[in-house]
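The sequence shown begins at 1 in this note's numbering and counts up by one.
The hints are simulated quantities; they were obtained by calculation from the structure and are not laboratory data. Just so it is clear, the structure is predicted and the values come from calculations on it, not from any experiment. Just so it is clear, CB atoms sit at the ideal spot from N, CA and C, and this is done for glycine as well. Misleading hints may appear alongside valid ones.
Derived CB-CB ranges, DEER-like [stated by the list, open to error]: (1) H32 with D65: 17 to 23 angstroms; (2) L82 with Q62: 33 to 39 angstroms; (3) E48 with Q27: 19 to 25 angstroms; (4) D104 with V29: 17 to 23 angstroms; (5) K80 with H31: 20 to 26 angstroms; (6) D108 with V29: 40 to 46 angstroms.
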Amino acid sequence: MTATSTASQLTSALDYFRQSAGQWQSQRVTHHLAFRRAEVGESEIQVEMLEVTDPRLAEICQMYDIDPAAAAGGALVTWKSLMAWDASEEDNHEGQTVMVIVPDATDDRRGKLLRERGYAETAPVAGEYHLDEEGGMVLTTEYETMSSVERFWFPNPDLRMRTSVLKRFGGFNTATFCTEVRVGCDQSAVAAGGDREQAISALGW
């Protein structure tokens with residue numbers, strides 16, 4: 001796929017997964033606000049689209065007592081990452097999760113995103129998503145011990161960006177910015193497109 005300088009407007013959560021399908025190289029910076037500390041990290045991410053008939057989608061819907069017929073589709077996401085302060089401990093973070101999109105019955109620009117495991121916690125979790133006016137997707141997830149707000153968008157088809165704020169109970173908050181490039185694309189075209197795109201988060205920074 002060849003990158004362009006035009007931002008890719010998302011029309012549905014399923015459209016987000018369609019555009020995300022493939023292999024990505026992610027670079028991110030995480031700010032630990034309570035400790036006034038920042039760390040950098042990188043990840044390899046693989047996204048595989050799953051058809052609505054995939055039995056894994058029905059299994060996850062049943063975990064949440066949701067009719068599988070309400071699912072619009074899903075994806076299998078696999079990741080392997082390394083953060084700077086884990087490097088000395090040789091502690092790699094890797095895993096995979098199946099995600100299921102369940103649009104709202106009256107508004108397909110919002111709905112639920114079901115996961116067999118979360119990112120911040122490994123237990124199954126369901127988040128609420130909506131598409132904003134800038135063509136990005138905002139995902140809010142309430143975990144048992146924390147909450148997160150994430151925004152995803154595509155400056156061009158080969159460049160995906162994400163901002164997130166993680167609020168832990170007790171006041172330990174982190175803010176993260178990720179730049180993800182599709183593996184095998186034209187890096188110079190991606191960089192040019194990203195320079196022209198304003199980074200907008202759900203929280204205004």
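Going through the hints against the structure:
At roughly 37 angstroms, the beta carbons of H32 and D65 sit outside the given window of 17 to 23 angstroms. For L82 paired with Q62, a C-beta distance near 35 angstroms keeps the hint of 33 to 39 angstroms intact. Distance hint check: the CB atoms of E48 and Q27 are about 22 angstroms apart, consistent with the given range 19 to 25 angstroms. The beta-carbon spacing between D104 and V29, approximately 33 angstroms, falls outside the hinted interval of 17 to 23 angstroms.
Separated by about 23 angstroms at the C-beta atoms, K80 and H31 satisfy the suggested range of 20 to 26 angstroms. At about 33 angstroms, the beta-carbon gap between D108 and V29 misses the expected band of 40 to 46 angstroms.
Violation of the numbered hints given earlier is confined to hints 1, 4 and 6; the remaining hints are satisfied by the structure.
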